Amino acid sequence: MRDKYCGLVSRDDIGKVIELAGWVFRRRDHGGLIFADLRDITGIVQVVFSPELSREAHEQAGEIKQEYVLKVTGRVEKRPPETENPNMPTGDVEVLVSSFEVLNASKPLPFQLDEEEPNESLRLKYRYLDLRRPEIQKIFIARHKAYKITRDYLTENGFFEFETPFLTKSTPEGARDFIVPSRLNAGMFYALPQSPQLFKQILMIGGFDRYFQIVRCFRDEDLRADRQPEFTQIDIEMSFVGVEDVLALGEGLVIALYRELKGMSAGFPIPRMTYADAMERYGTDKPDLRFDLPLADITNIFQETGFGVFKKTIEGGGIIKGLVLKGKTLSRKDLDTAVDAAKDMGAGGLIWIRKENDALQSPVVKFLKDEEKASLTGAFDLANGDVVFIVADKRNKANEVMGRFRQYIGETFGLIDKGTDRFLWVTDFPLLEYSEVEKRYIARHHPFTSPKESIRNFNGDYESIIAKAYDLVLNGVEIGGGSIRNYRMDEQLEMFRLLNIKEEEAVEKFGFLLEALEMGAPPHGGIAFGFDRILMMFLGLESIRDVIPFPKTQKGACLMTGAPSKIGQKQLNELKINTIVR
RNA sequence: GGGGUCGUAGUUAAGCCUGGUUAUAACGCCGGCCUGUCACGCCGGAGGCCGCGAGUUCAAUUCUCGUCGACCCCGCCA
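The first sequence begins at 108 in the numbering used here and counts up by one.
Misleading hints may appear alongside valid ones.
As the list claims (entries may be wrong) - With a straight-line cut-off of 27 Å between C-alpha atoms, the simulated BS3-like cross-links for lysine-lysine are:
| # | residue 1 | residue 2 |
| --- | --- | --- |
| 1 | 418 | 473 |
| 2 | 504 | 418 |
| 3 | 450 | 440 |
| 4 | 276 | 546 |
| 5 | 501 | 450 |
| 6 | 616 | 276 |
| 7 | 111 | 123 |
What the hints assert, rightly or not - Across the chosen pairs, the derived CB separations fall in these ranges:
| # | residue 1 | residue 2 | range |
| --- | --- | --- | --- |
| 8 | 629 | 211 | 55 to 65 Å |
| 9 | 191 | 491 | 55 to 65 Å |
| 10 | 614 | 678 | 30 to 40 Å |
| 11 | 688 | 135 | 52 to 62 Å |
No lab work stands behind these hints: they were computed from the structure.
Here the structure is a predicted model, which means the values were calculated and not measured.
Think of the CB as a built atom: it goes at the ideal place given N, C-alpha and C, for glycine as much as any other residue.
With the sequences and hints as input, model every part of the structure.
Following this line, the structure appears as structure tokens:
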């Protein structure tokens with residue numbers, strides 16, 4: 108049907124008669140002469156309909172409109188002098204059409220492909236039109252490259268690619284499951300996997316040594332700019348490894364992807380930070396290191412303070428945490444806005460102290476002793492114009508609030524170097540965290556994560572147990588995470604005990620794994636990367652929807668197909684399901 | 001579950017704060033002209049449930065409330 112792709116027509120083809128096929132991108136009708144840009148996946152080339160070459164083709168070309176699908180036959184010519192277009196790759200040639208065929212017509216489109224983006228719901232409803240846009244096509248070509256790099260890299264490193272079931276078993280921990288009714292077992296349900304966690308561990312126990320899968324995962328939770336209910340992970344598991352082996356392997360993959368997608372290597376090797384340091388210094392387990400602005404614990408300055416808020420906090424075992432913003436001129440309104448922002452982030456209050464005319468000024472300065480002012484000035488090396496922001500609260504709350512506030516300050520005052528990418532491994536996560544909702548400890552990573560030291564060494568102080576767990580963070584966004592797993596039955600049972608999962612429940616939910624752990628399970632661990640998030644970040648895009656061909660809206664709808672939708676009574680009857688919508 | 005932004009020709013926006021005119025522009029569409037354009041140009045034309053529903057008012061695109069949809073955030077996301 109065609110000899111050549113549109114975007115690949117070049118000077119080498121001059122003089123040849125070729126057949127091309129593609130879409131009419133733009134048409135320029137001069138009456139006596141008609142130009143059209145013919146587009147396919149490779150790019151565009153100008154085709155010319157001239158009555159001097161073919162009166163019939165020229166006349167027929169009066170009919171063609173945008174997005175008509177054409178097959179054209181014509182001779183490739185060098186463009187006449189002064190008419191070359193240096194802005195397009197095929198701009199020094201054109202195809203003089205001797206005959207053409209309209210393979211398909213097109214109605215006028217609901218939006219123009221070459222103009223400003225229409226709103227996203229229209230793009231999603233007519234996704235096939237959106238996908239025709241060259242800048243969108245670039246994204247999915249990049250996505251394809253990323254699949255290939257991943258497969259090549261992991262294959263070279265001894266990994267085997269597997270598929271694991273999508274119709275699987277609901278697990279009690281973690282995100283909400285999507286469920287699928289079983290027709291053959293009335294009243295029973297499959298769950299779509301949140302991740303192939305247990306299957307990949309079983310594959311290690313099955314002796315495959317190294318597993319990977321580029322796999323869809325499903326989580327029935329609310330959506331965000333970087334979260335979809337179904338998303339893709341690069342899932343990796345390795346046998347006979349420790350933390351360092353997994354990080355090295357993962358880092359190699361990220362380097363390879365970054366080099367291909369960004370066309371450069373930067374920021375490697377990836378620095379490390381423990382979870383505890385990240386929380387103390389940046390107030391988050393995924394710090395954005397594109398700007399520094401560290402948090403400082405200034406509790407000791409106020410040990411003897413007469414300022415009621417600080418005094419109460421310290422007496423209650425809390426801490427006082429501050430950060431300093433230097434080199435910016437803040438108005439009173441900026442400060443008030445910052446206080447409101449901090450309150451929205453959950454702060455009980457935010458105190459600002461500004462150095463102006465060599466004196467500290469603040470609504471609270473009258474409550475501070477001279478030595479406290481001096482210590483504060485020293486601790487933050489205050490110069491005129493600098494502002495210290497302070498929060499006093501329980502340790503976790505103070506860190507968390509200040510972490511968010513730090514990000515707010517970074518964004519509001521332009522401290523973030525948008526042109527850079529800062530990767531970070533965060534290591535040594537706590538194994539557990541206490542859930543106020545469930546009134547028990549829950550696994551911070553997942554219930555199969557191995558502690559650094561045996562749980563038996565801890566007596567009650569369970570929140571201090573460190574896990575062999577790690578996350579990869581890029582510019583404040585988590586793009587991967589994993590752990591070394593428990594590979595012995597007794598250790599896994601200890602973990603379940605801490606999680607208050609009774610043995611019979613554990614056996615009911617994960618019996619196959621526990622049994623397997625008793626039959627020669629090798630030490631193993633792994634990591635999973637958020638494939639969509641990596642693409643979004645590496646391509647500099649704002650939304651995960653931009654890297655997914657058919658994404659869902661914030662309410663989980665597909666605007667093109669209309670999913671989710673009601674199903675008929677016949678289907679419900681087969682499933683023996685009644686629906687009650689409350 | 002909660003907070004916020006947005007919704008006006010096919011599309012992208014303006015108008016709304018401060019209620020009253022024929023609701024404006026660009027692109028697209030339709031008709032005409034044009035042999036070197038490439039965001040072609042020129043002339044003419046059609047095209048509107050101002051998301052939907054209430055309320056306030058003599059009068060609502062404009063103000064208020066509700067609702068639907070899209071988006072951003074909190075909760076949630078092992």
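Tested hints:
no. : hint                    : in the structure
1   : 418 <-> 473             : holds, 15 Å
2   : 504 <-> 418             : holds, 17 Å
3   : 450 <-> 440             : holds, 15 Å
4   : 276 <-> 546             : holds, 25 Å
5   : 501 <-> 450             : holds, 15 Å
6   : 616 <-> 276             : holds, 8 Å
7   : 111 <-> 123             : holds, 11 Å
8   : 629 <-> 211: 55 to 65 Å : holds, 57 Å
9   : 191 <-> 491: 55 to 65 Å : holds, 59 Å
10  : 614 <-> 678: 30 to 40 Å : holds, 34 Å
11  : 688 <-> 135: 52 to 62 Å : holds, 55 Å
Hint compliance for this structure: no hint is broken.
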